[in-house]
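S.K.: Chain by chain, the residues:
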Amino acid sequence: MIMLIITLILSYPLGLVDIGVWAKVGVNIAKFLPELGVRWDLVGDALIASYETLIISLLGVSGGTLIAYILAPLASPLIVPPRVAFVGRMTANAIRTVPAILWAILFVILVGPGPRAGALALIIYTSGYLAKFFYESLEAISREHYDSLRVIGLRGLPLAFALYSHAKRYIISNVLFMLEYNVRTATILGFVGAGGIGYYIVNYLGMLNYQATLTFVIFTLLLVVAIDLVSYIARSRV
Amino acid sequence: MPEPSVGHAVELNDVFFSYGSTRILSGANLKVGYGEAIAIMGRSGVGKTTLLKIMAGILKPEKGYVRVLGCITHTGCFNSLRGRIAYIPQNLGLVEGESALYNVLLAKAPSKPLRFMAGLWGSDDLSEALEALKMVGLGGKARSRVDRLSGGERQRVAIARAILQRAEILLADEPVSNLDLDTAEDIAKLMVGLKSKGLTIIAVMHDKWLTSKYFDKIYLLDGGILREAV
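Those protein sequence lines, which keep their order, are chains C and R. Number 32 in numbering that gives the first Met the number 0 belongs to position 33 of the first sequence; there are no gaps in the numbering. Number 67 in numbering that gives the first Met the number 0 belongs to position 68 of the second sequence; there are no gaps in the numbering.
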């Protein structure tokens with residue numbers, strides 16, 4: 000409560016607490032509501048754009064998982080010498096620190112606008128995120144399991160793969176979480192020209208075409224809910 | 000390179016080890032001949048698991064040395080022994096959620112890492128693993144998930160892995176704990192029976208009757224030193 004009051008005081012110069020502006024919200028809603036509706040002629044485009052978003056997300060997850068599978072052992076002192084692990088960990092952290100949308104801007108510049116840039120951005124971002132989950136999962140495995148594999152003679156990547164099989168449930172759960180996350184993020188990536196449904200939303204919004212915008216927003220919601228549902232069912236069966 | 004198989008399979012010479020300020024081993028000595036089966040007994044928390052881990056090269060002694068198959072632990076020579084020592088920890092080190100066959104095939108992973116990572120085992124590897132499972136009486140349960148097997152069956156999977164590994168030394172930490180008497184005897188008999196395959200067996204045990212029936216020698220760990228029970 001104290002924090003809220005302090006924040007409200009601090010936000011005064013930004014006009015966030017300007018009563019006059021808030022009073023206009025009701026008027027705006029009244030103007031906006033009659034404009035709402037669905038453009039049925041755009042359903043085909045919305046379906047194609049949803050499909051594109053889904054494919055960008057899936058490419059992001061599968062490519063990112065593959066890179067993270069290799070990167071995580073290089074960031075774990077259980078697998079590589081501590082100095083190498085430090086470099087690996089810093090690399091994963093650096094990738095993760097840059098938001099997906101900035102990666103998308105970078106790839107739009109490098110490979111041009113479209114789903115290719117979106118997929119590449121999500122592959123890189125997902126790899127940084129999952130690498131952290133994966134090296135944490137490697138380190139959470141009981142020391143006895145690790146010791147018995149080391150004594151067999153396992154080292155390096157094969158040791159990491161054997162340890163991964165101990166953490167399979169945790170890993171699958173995190174990959175599914177990233178799929179949900181990527182579907183939401185892929186929607187936003189379109190705002191900077193990296194393909195998917197967001198491209199349509201930002202363009203129709205710019206033209207103040209609210210019915211077309213709403214059509215694409217509804218498809219976005221349906222896609223997100225569908226992926227969340229599939230992910231929930233898959234996670235409960237792991 | 001490992002020295003030729005002369006002398007003792009395992010030799011501890013005046014070994015000291017502490018966890019922080021707690022002294023666990025204070026000059027432990029032991030000589031285990033090739034093909035012998037010895038049991039280590041002692042009160043809980045006395046350091047039996049630690050001793051086994053030192054022999055496996057997992058922990059490094061503060062003082063003294065451990066020589067296994069002619070190589071002193073924590074040397075290049077010892078590292079070249081990879082695969083010749085099998086270590087079964089108390090939790091067995093099995094991968095839950097995977098089949099008995101998968102767990103046994105892990106023994107082949109160090110020599111065939113690409114096949115292991117791709118999950119593409121050759122027919123010879125599979126038949127060897129199935130043979131190892133048959134030897135421990137689990138021929139019909141190769142595809143069963145280990146978390147759905149009984150305690151005794153899980154022990155058998157761990158032993159089958161050591162067989163496939165063609166290990167020369169088996170270090171087992173309380174292999175029959177939490178098992179009923181009949182199953183415990185079956186496991187002890189099976190494990191000690193591996194002597195016929197040239198294995199040297201060192202096991203931490205609690206059951207005096209089983210130990211005296213099946214093992215060649217019993218050592219007591221007390222006060223940080225080992226002495227042979229008579």
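None of these hints come from the bench; they were simulated from the model. Quick reminder that beta carbons are idealized off the backbone N, C-alpha and C, glycines included. Treat each hint with caution, since some may be false.
[What the hints assert, rightly or not] Output of the computed footprint for chain R on chain C, the stretches with three or more beta carbons under 8 Å from beta carbons of chain R:
1. 8–20
2. 60–72
[Unchecked claim] With beta-carbon atoms standing in for the labels, derived distance ranges:
3. R:M116 with C:T96: 26 to 36 Å
4. R:K62 with C:P76: 25 to 35 Å
5. R:G75 with C:T90: 43 to 53 Å
6. R:T21 with C:L109: 51 to 61 Å
7. R:G192 with C:Y231: 31 to 41 Å
S.K.: CB of K62 (chain R) to CB of P76 (chain C), is that within 25 to 35 Å?
M.R.: 26 Å, holds
S.K.: M116 (chain R) and T96 (chain C), beta-carbon distance inside 26 to 36 Å?
M.R.: 30 Å, holds
S.K.: Per the coverage rule (Cβ-Cβ under 8 Å, at least three residues), is the region 8–20 of chain C covered by chain R?
M.R.: Result for this restraint: violated, n = 0.
S.K.: Would you say the region 60–72 of chain C counts as covered by chain R, given the rule of at least 3 residues with C-beta under 8 Å?
M.R.: violated (count 0)
S.K.: Given a hint of 51 to 61 Å, does the C-beta separation of T21 (chain R) and L109 (chain C) actually sit inside it?
M.R.: For L109 (chain C) against T21 (chain R), whose Cβ atoms are near 58 Å apart, the range 51 to 61 Å holds.
S.K.: Is it true that G75 (chain R) and T90 (chain C) lie within 43 to 53 Å of each other by Cβ?
M.R.: 30 Å, violated
S.K.: Given a hinted range of 31 to 41 Å, is it respected by the beta-carbon distance of G192 (chain R) and Y231 (chain C)?
M.R.: 50 Å, violated
In summary, the numbered hints that this structure violates are 1, 2, 5, 7.
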